[in-house]
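Going down the list, the protein sequences come from chains A and B. Heads up: the first sequence runs through residues 120 to 292, numbered per this note's numbering. Heads up: the second sequence runs through residues -15 to 522, numbered per this note's numbering.
For the record, the hints were derived by calculation from the structure and aren't laboratory data. It is possible that part of the hints are untrue.
[Claimed, not checked] Derived DSSO-like pairs (lysine-lysine); straight-line CA-CA distance at most 27 Å: (1) A:288 to B:57; (2) B:337 to B:347; (3) B:347 to B:373; (4) B:119 to A:289; (5) A:207 to B:130; (6) B:105 to B:301; (7) A:132 to A:199; (8) B:141 to A:288; (9) B:400 to B:385; (10) A:255 to A:158; (11) B:335 to B:347; (12) B:105 to B:47; (13) A:285 to B:152; (14) B:10 to A:204; (15) A:232 to A:251; (16) A:285 to A:147; (17) B:47 to A:285; (18) A:132 to A:285; (19) B:141 to B:47; (20) B:141 to A:289; (21) B:308 to B:57; (22) B:130 to B:105; (23) A:199 to A:251; (24) A:199 to A:288; (25) A:143 to A:232; (26) A:132 to B:119; (27) B:148 to A:289; (28) B:347 to B:105; (29) A:219 to A:251.
[What the hints assert, rightly or not] A short, non-exhaustive set of chain B residues, derived as facing chain A with CB atoms under 10 Å: (30) -8; (31) -7; (32) -5; (33) 494; (34) 497; (35) 499; (36) 501; (37) 502.
[What the hints assert, rightly or not] Computed beta-carbon distance windows for the label pairs: (38) B:70 to A:207: 53 to 61 Å; (39) B:181 to A:128: 24 to 32 Å; (40) B:316 to A:140: 47 to 55 Å.
None of the values given here were measured: they were computed from a predicted structure. In this text, a Cβ means the ideal position worked out from N, Cα and C, and glycines have one as well.
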Amino acid sequence: MPVSVKGGIELRKALRAYTPDLAKQMPKEIATALKPVVKVAKGYLPDNGSILSGWRTRENYTGKFPLYDASTARRGISYKTSPSKANKRGFRSLARLMNKTAAGAIYETMGRKTPSSKFVQTQNSKYAGEFKGDNKERGRVLFRAYDEDRGAARDGVLRAIEKANKDFKKATA
Amino acid sequence: MSILIDVAAEFTGKKAFKQADTATEKLTKSAKNLGRTLGISLGTAAILGFAKASVRAAADDQKAQKQLALALKNVGLERDAASAESYIQRLQSEFGVVDDKLRPAYQKLAIATRSSAETQKLLSLSLDISAATGKDLEAVTGALSKAYLGSNTALSKLGVGISKADLKTKSFNDITNQLADTFKGAAAASAATFAGSIAKLGVASQNVKEIIGTGIIDALKTLGNDDSVSNLAKDMESVATSVADAIRGVGILLAELQKIPGIGAVGNILGFLYKASPVGMLADLGAQSRRKAEVAAQKNPVQSGSYLSKPTTAQNKVAKETLKVSNAQLKLAKAKSIFDLQKIQIEAALKGKISEEDRIRLKLMQAIEDENITQIDKYTKLLTEAQTKTAELVSTLQSIKPLDDIFKNWSFMSVKEQLSSLSSYFNTFAGSAASAFASLGSAQKAALGGYVPFVGATNASLGITSTAGSNTSMVSTVGLGNNGTGNQLPQGVTINTTIQGSIIAENDLNQAINDALAASGWAGSAIGYSRQAVITAI
């Protein structure tokens, strides 16, 4: 569950309008907090040799099921510090970790709902990382890294926002 | 498809809420349209509310106008009331600032300055400052009016970029000129923005309210019945509906007519028709009534003739006093500029014999007086260095211990005591010697040198018996002894006199002259042998 922050978006607007230096500083500090999780998560992705041969990326593939390519999947693991659009429940994200590629997401979550499927079992027999996290936030890559981080990234993000808030008040007092 | 972890998020409102809001708005619009369609009059209540608000606005406006007029009257500016009101109206439409704010500001400045020209100048400046700094117009005019009366504290708090030194030293005129340079055109620039345009529209709508409210008040006065607002509103609504329908009709008619070429004169005909219609006639009637009221209220000084009214004695007195004070201030400022005692004193002190540190201090004071920042920096630095060095010197001197007295163990008599002892000894000795000498006989005194040699001596007494020889030896024969008389050479003294040349006696001289005369004669220049000639030759 994300931490709910009040006035974060207004703070970003105010920083951009009145203290451009601080406006640049805050995303950098948020990024510093998120980068370790991304780095660890990238390490949890298997290389191409550890993936089922039929799922591995290849030329002249015309099917719809996304094939796995280790380098592409690693590139897909990243972070974002700019506010997102509001979701259905009216929340806008201030800091976000992402596993963007379809194949990466499949590896992350495969077996959560259908642990006995043939695909999952076969892949598990070849190679599979450990599941970590709870319920919908359970996974092998990003969720696992975030879970093992034990809230350090979240605390770092909050600290960065609070620091920016304090600095802004000081600068405009 | 992607996996996302939101580390921190903010609740900004659900879409469903917006949808609900939009739906409600739509429902309201639909209901209104339905009401119109069904002939239900939703407008009566709205018009009644608007009429009430307009009446309130008009009443407030009248009250503010009267208050300003009264304030101006009290400070001797009664004849400028109409021009003040028109000036406020002009500012209102030009800068989009409502007259409810401008009137108190004008009043405050007028009370402080007692001059319409100065008030209008300062109000204009206040608007610029207010627009540039975002400060409230009331606060700015308050600060300026206080500054005009000599208190610059409020002005410094406004944060308008004037240093405390400037506020202390500069005159009010200099300060306002500086402010005018700094904030020139800010109000106009602000009014030219979108926000300024909105403000102007706000002012216009407020004015519309006031104008309509005044009309309603006039109408109520005519009717003489306060509870007739509802009826009046209904009537107004009927008239407004008729007017709106008429305008719509005219629009449709014009649109159709414009399709026909060369039909421009129709507009004039329509204007005439509108004036001839009952609505046009009503409007004319109302306009005439308004003009009468305006003339009576002296809104237009030319028509009311108020500009012809002469200033009263009290006004003359106030004007004279103001002029007197202004002149005195001018003289004082001039005198100050000539006799800047502070600068003179510093200059005089610098010419005196002062230490280096004092010189730096004085130079620093001079730089502060001249407001020369470079010099201030320079001398501040020098002064700090000098003070540091002085502190070091003091510390060094304090650390030096005094030397021991090297003679402290010696048992000398002091010099004074010794001199005193010697003086006493010689005094005693001189007294004893004098008394002993006095008791001696004359011969003993002579033997001790108590006489003067050669006094009263002659050749014979000195033993010189002949002058014929070339050498004379004067030998002491008597000497100093117990028998000395004082006119003899002392014993053992010999005086030798050596006389050189051939002319020793008178005859030698005569012979020499004769020889000279003879030689001259032999040379061919005979000289008479007269007594006179001899004297001349010699």
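Okay, the hints, checked on the actual structure:
no. : hint                       : verdict
1   : A:288 to B:57              : 49 Å, violated
2   : B:337 to B:347             : 14 Å, holds
3   : B:347 to B:373             : 18 Å, holds
4   : B:119 to A:289             : 22 Å, holds
5   : A:207 to B:130             : 58 Å, violated
6   : B:105 to B:301             : 23 Å, holds
7   : A:132 to A:199             : 17 Å, holds
8   : B:141 to A:288             : 21 Å, holds
9   : B:400 to B:385             : 30 Å, violated
10  : A:255 to A:158             : 22 Å, holds
11  : B:335 to B:347             : 12 Å, holds
12  : B:105 to B:47              : 25 Å, holds
13  : A:285 to B:152             : 37 Å, violated
14  : B:10 to A:204              : 26 Å, holds
15  : A:232 to A:251             : 14 Å, holds
16  : A:285 to A:147             : 16 Å, holds
17  : B:47 to A:285              : 48 Å, violated
18  : A:132 to A:285             : 15 Å, holds
19  : B:141 to B:47              : 32 Å, violated
20  : B:141 to A:289             : 20 Å, holds
21  : B:308 to B:57              : 21 Å, holds
22  : B:130 to B:105             : 15 Å, holds
23  : A:199 to A:251             : 22 Å, holds
24  : A:199 to A:288             : 25 Å, holds
25  : A:143 to A:232             : 42 Å, violated
26  : A:132 to B:119             : 23 Å, holds
27  : B:148 to A:289             : 25 Å, holds
28  : B:347 to B:105             : 40 Å, violated
29  : A:219 to A:251             : 19 Å, holds
30  : -8                         : 4 Å, holds
31  : -7                         : 4 Å, holds
32  : -5                         : 6 Å, holds
33  : 494                        : 135 Å, violated
34  : 497                        : 131 Å, violated
35  : 499                        : 132 Å, violated
36  : 501                        : 133 Å, violated
37  : 502                        : 135 Å, violated
38  : B:70 to A:207: 53 to 61 Å  : 60 Å, holds
39  : B:181 to A:128: 24 to 32 Å : 29 Å, holds
40  : B:316 to A:140: 47 to 55 Å : 50 Å, holds
Comparing the model with each numbered hint stated earlier shows that hints 1, 5, 9, 13, 17, 19, 25, 28, 33, 34, 35, 36 and 37 do not hold.
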